[in-house]
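Residue strings, one per chain:
Number of protein chains: 2
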Amino acid sequence: MDVYEALYTTRAMRRVRPDPISEEVQRKILDAAIRAPSGGNSQTWRFLLLDDKAVLAQLGPIYRRCLEQVWNLVYKDRIAAAAAAPDDPEHAQMLRVQRSAQHLADHFEDYPLMLFSFAQGDPTGGSIHPSTWSAMLAARAEGVGSAWTVAFVFELAAVLGILGVPPEENWQFGSCVTFGYPTGRWGVAPRIPVHEVSYRNHWGTPVGFEIPTPLWSY
Amino acid sequence: MDVYEALYTTRAMRRVRPDPISEEVQRKILDAAIRAPSGGNSQTWRFLLLDDKAVLAQLGPIYRRCLEQVWNLVYKDRIAAAAAAPDDPEHAQMLRVQRSAQHLADHFEDYPLMLFSFAQGDPTGGSIHPSTWSAMLAARAEGVGSAWTVAFVFELAAVLGILGVPPEENWQFGSCVTFGYPTGRWGVAPRIPVHEVSYRNHWGTPVGFEIPTPLWSY
Chain A
1 MDVYEALYTT RAMRRVRPDP ISEEVQRKIL DAAIRAPSGG NSQTWRFLLL
51 DDKAVLAQLG PIYRRCLEQV WNLVYKDRIA AAAAAPDDPE HAQMLRVQRS
101 AQHLADHFED YPLMLFSFAQ GDPTGGSIHP STWSAMLAAR AEGVGSAWTV
151 AFVFELAAVL GILGVPPEEN WQFGSCVTFG YPTGRWGVAP RIPVHEVSYR
201 NHWGTPVGFE IPTPLWSY
Chain B
1 MDVYEALYTT RAMRRVRPDP ISEEVQRKIL DAAIRAPSGG NSQTWRFLLL
51 DDKAVLAQLG PIYRRCLEQV WNLVYKDRIA AAAAAPDDPE HAQMLRVQRS
101 AQHLADHFED YPLMLFSFAQ GDPTGGSIHP STWSAMLAAR AEGVGSAWTV
151 AFVFELAAVL GILGVPPEEN WQFGSCVTFG YPTGRWGVAP RIPVHEVSYR
201 NHWGTPVGFE IPTPLWSY
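Note that the protein sequences, when read in sequence, are chains A and B.
Note that the first sequence covers residues 1 to 218 in the numbering used here.
Note that the second sequence covers residues 1 to 218 in the numbering used here.
Since the hints were derived computationally from the structure, they do not count as laboratory data.
Keep in mind that the hints are not guaranteed to be accurate.
[Claimed, not checked] Negatives, chain A to chain B, calculated, CB over 12 Å:
no.	residue
1	R15
2	R17
3	D19
4	Q26
5	P37
6	R46
7	D51
8	D52
9	A83
10	R96
11	H103
12	S127
13	V165
14	G204
15	G208
[Claimed, not checked] Computed footprint of chain B on chain A; a stretch qualifies when at least three of its residues, placed anywhere within it, have a C-beta under 8 Å from a C-beta of chain B:
no.	segment
16	113–125
17	137–151
18	166–177
19	180–187
20	209–216
Values in this document were obtained by computation on a predicted structure and should not be read as measured data.
Glycine residues also receive a C-beta, built at the ideal position from the N, C-alpha and C atoms.
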């Protein structure tokens, strides 16, 4: 697959089939992940694949409680505004994201594979995320959809306990990514165009060009 | 370019030529960046391209001071250990990374293009990084090397002031990425193999397979 197709069409795919992800595809996902950069190339990271239904059953109720926290603490105002005027395009988009995220929570135990990532000794905490995004791009190349979530931060101690992460080693939770073959179609997600979110040399100075439609599309 | 070639060969490229990066390539870099996911698809991000030599001249001395802080505060023990036994392979790797990072600092003003990223209202601070990594992968597809640095965090207020980031809007600095056509060759960076950094279902449980050599190579 061309790199641009992967970059443009790897969007959150939360509605997936329960079919397993083969070991061959799992290898491609993880081997791509570890090629990503890390601060000082330290590679102080761990990747935990999860496909044990018993563990998923333990984590599912926790995840649903965490997502409730996300709605109540992070998105409360946006959800209230969206509910008050659901026909506004921006609000409709918010409600779509909410329904999709809630679907993930409601079907947590049904995903065939998840990837938890952890980093150690990273002052900014950001160094783990390129590897996760690489894993998702490699999955896309194999026809596997993914979705990225950090909602577990609201009950992190319980999650780390279930996964057996040694508390004395100070591993930071990076994210949880769900995988699965999507039931829907791949596509280029709509985005705020480049010229509305980009500057050149100084905040507020136009970047110097406009890109009204995606440079890559089907 | 195949997505795996991009994922496997986008390694830090800090030794670059001063040749400019065309607007066409800049468009591809930024348009790929904004396709990345963000928390709740909020896209509360800003991308600032920097190619003004006057601004680079202001930032260069700050960056060199920041990198000194990185060496003194973050890597002090590793550098001391490496200096004491430079022939140890792990130490040699550390010293190579240090020389390469120092090269970036010493030649800060010579890079033809940089990308600063910022996020707003992101509780975990990680949501901006997939977009940055997408920008670097798109650059790779165009033959442009890149290197990711967060060293500016040590003098962030000065940097945000020079770039004109409005303090009252609480933008979080994501990273600074340098771009340039590399003087060296592309290649697959050596990494700790998957089975040494991965588990399945529980911390410490083997992932179930070994990948002794990269699944993609030239």
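Here is what the structure says about each hint:
1. R15: holds, 16 Å
2. R17: holds, 21 Å
3. D19: holds, 18 Å
4. Q26: violated, 8 Å
5. P37: violated, 6 Å
6. R46: It is violated; R46 of chain A is separated from chain B by about 6 Å at its closest Cβ, not greater than 12 Å.
7. D51: violated, 7 Å
8. D52: For D52 of chain A, whose nearest Cβ neighbour in chain B is about 4 Å away, the distance does not exceed 12 Å, so it is violated.
9. A83: Given a closest Cβ separation of 16 Å, the condition holds.
10. R96: violated, 9 Å
11. H103: holds, 14 Å
12. S127: Not fine: 8 Å to the nearest Cβ puts S127 of chain A too close to chain B.
13. V165: violated, 5 Å
14. G204: G204 of chain A not clear of chain B: closest Cβ-Cβ about 7 Å, inside 12 Å.
15. G208: violated, 7 Å
16. 113–125: holds (count 3)
17. 137–151: Holds: 6 residues of the segment 137–151 of chain A have a Cβ under 8 Å from chain B.
18. 166–177: holds (count 3)
19. 180–187: violated (count 0)
20. 209–216: holds (count 5)
The structure is inconsistent with the numbered hints 4, 5, 6, 7, 8, 10, 12, 13, 14, 15 and 19, although it conforms to all the rest.
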